[in-house]
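**Student:** Residues per chain, in single letters:
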Amino acid sequence: DTEVTQTPKHLVMGMTNKKSLKCEQHMGHRAMYWYKQKAKKPPELMFVYSYEKLSINESVPSRFSPECPNSSLLNLHLHALQPEDSALYLCASSQELEPRDTQYFGPGTRLTVL
Amino acid sequence: AQKITQTQPGMFVQEKEAVTLDCTYDTSDPSYGLFWYKQPSSGEMIFLIYQGSYDQQNATEGRYSLNFQKARKSANLVISASQLGDSAMYFCAIKIWGSTLGRLYFGRGTQLTVWP
Chain A
1 DTEVTQTPKH
11 LVMGMTNKKS
21 LKCEQHMGHR
31 AMYWYKQKAK
41 KPPELMFVYS
51 YEKLSINESV
61 PSRFSPECPN
71 SSLLNLHLHA
81 LQPEDSALYL
91 CASSQELEPR
101 DTQYFGPGTR
111 LTVL
Chain B
1 AQKITQTQPG
11 MFVQEKEAVT
21 LDCTYDTSDP
31 SYGLFWYKQP
41 SSGEMIFLIY
51 QGSYDQQNAT
61 EGRYSLNFQK
71 ARKSANLVIS
81 ASQLGDSAMY
91 FCAIKIWGST
101 LGRLYFGRGT
111 QLTVWP
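Keeping their order, the protein sequence lines are chains A and B.
Just so it is clear: in the first sequence, position 10 is 10 by the working numbering, and no numbers are missing.
Just so it is clear: in the second sequence, position 95 is 95 by the working numbering, and no numbers are missing.
Next comes chain B alone, as it looks inside the complex:
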């Protein structure tokens, strides 16, 4: 069963605007961690931000923040002040405490295009 759903195959945003990339997840385990990665066309997967299920506050890292709504099982990534270099594929992933050996389950990704 798919554990991570990213419903937006593609998103477009104008430079300097904010954009939200959606991610919903499915687990009955109360203990888990959510990760967002960025993958430019060069191929490298770049870690952006982490949110633990017991974290009291929404995670933030520079221009990246997580809109974490535990009851809705969503962990949307917000990118503020978009830059041309933000154009990339973005993957949401979950790691479930009870799962085997820290396995990461990825969503299908959202292709973000930032235009001038």
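Next comes chain A alone, as it looks inside the complex:
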């Protein structure tokens, strides 16, 4: 089973709102990722967690705050977002960070910031 789940599927929020995106996997993977994807573009890496520790932060603005409460869960807390943050947010997981390890993606959350 290579399933990564994400909730919610769609989210509309105002610029003053605080919301969270959730990602879950039960494959025993120890690496988890957040990507942002604009329409017709490839995904852009935001954060990487390995063994629940933040390994990569791609200079993402602080209005995005990741959290990895345990090895199965990854959250992305959103606060004071801008309209240009509207995008598809994809979560992925892999066995570890080894080069051969395939990243498996969730269905994404479509975020609209008004």
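If you are wondering where the hints come from, they were derived from the structure by calculation, not from laboratory data.
For glycine and all other residues, C-beta sits at the position ideal for the given N, C-alpha and C.
Among the hints, erroneous ones may be present.
[Unchecked claim] Label-pair ranges, simulated between beta-carbon atoms: (1) B:W115 - A:K18: 24 to 34 Å; (2) A:R30 - B:P40: 48 to 58 Å; (3) A:T7 - B:A71: 40 to 50 Å; (4) B:G85 - A:A80: 32 to 42 Å; (5) A:K41 - B:Q14: 43 to 53 Å; (6) B:P40 - A:L73: 21 to 31 Å; (7) B:P30 - A:E3: 33 to 43 Å; (8) B:P30 - A:K41: 21 to 31 Å.
[Stated by the list, open to error] Listing some non-contacts, in silico: residues in chain A with all C-beta distances to chain B over 12 Å: (9) Q37; (10) E67; (11) N70; (12) P107; (13) V113.
Given the coordinates of chain A, assemble chain B onto it according to the supplied hints.
**Tutor:** Just chain B now, with coordinates in the frame of chain A:
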């Protein structure tokens, strides 16, 4: 510098025909892995196939196969017997052994349309 180049923004193929999606890459590291993903309009990125740089044989997975030409630094995806459900965006990506923490570098994608 762009590590993955997909030169075909869009491709069209008739149902049941085969189609090749091009992917070239740029790395001086001899150790790397190449991945292809499919992204339908629903948004989910679906892993299709993997090719390691030291793999002796071209990878195959069902109707998907890789035409891997290491000297030319190309890893073209071949889809045989196209189906209407194959219509999607296809991304080629590379992971380089020496790079930081298994980072995936994506190409810009090719939009495939299968017509009846």
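**Student:** Would you mind marking each hint as holding or not holding in the structure?
**Tutor:** Here is how each hint holds up against the structure:
| no. | hint | result |
| --- | --- | --- |
| 1 | B:W115 - A:K18: 24 to 34 Å | 46 Å, violated |
| 2 | A:R30 - B:P40: 48 to 58 Å | 28 Å, violated |
| 3 | A:T7 - B:A71: 40 to 50 Å | 46 Å, holds |
| 4 | B:G85 - A:A80: 32 to 42 Å | 40 Å, holds |
| 5 | A:K41 - B:Q14: 43 to 53 Å | 28 Å, violated |
| 6 | B:P40 - A:L73: 21 to 31 Å | 26 Å, holds |
| 7 | B:P30 - A:E3: 33 to 43 Å | 34 Å, holds |
| 8 | B:P30 - A:K41: 21 to 31 Å | 30 Å, holds |
| 9 | Q37 | 8 Å, violated |
| 10 | E67 | 19 Å, holds |
| 11 | N70 | 20 Å, holds |
| 12 | P107 | 4 Å, violated |
| 13 | V113 | 17 Å, holds |
In summary, the structure is inconsistent with hints 1, 2, 5, 9 and 12 from the numbered list given earlier, while agreeing with the others.
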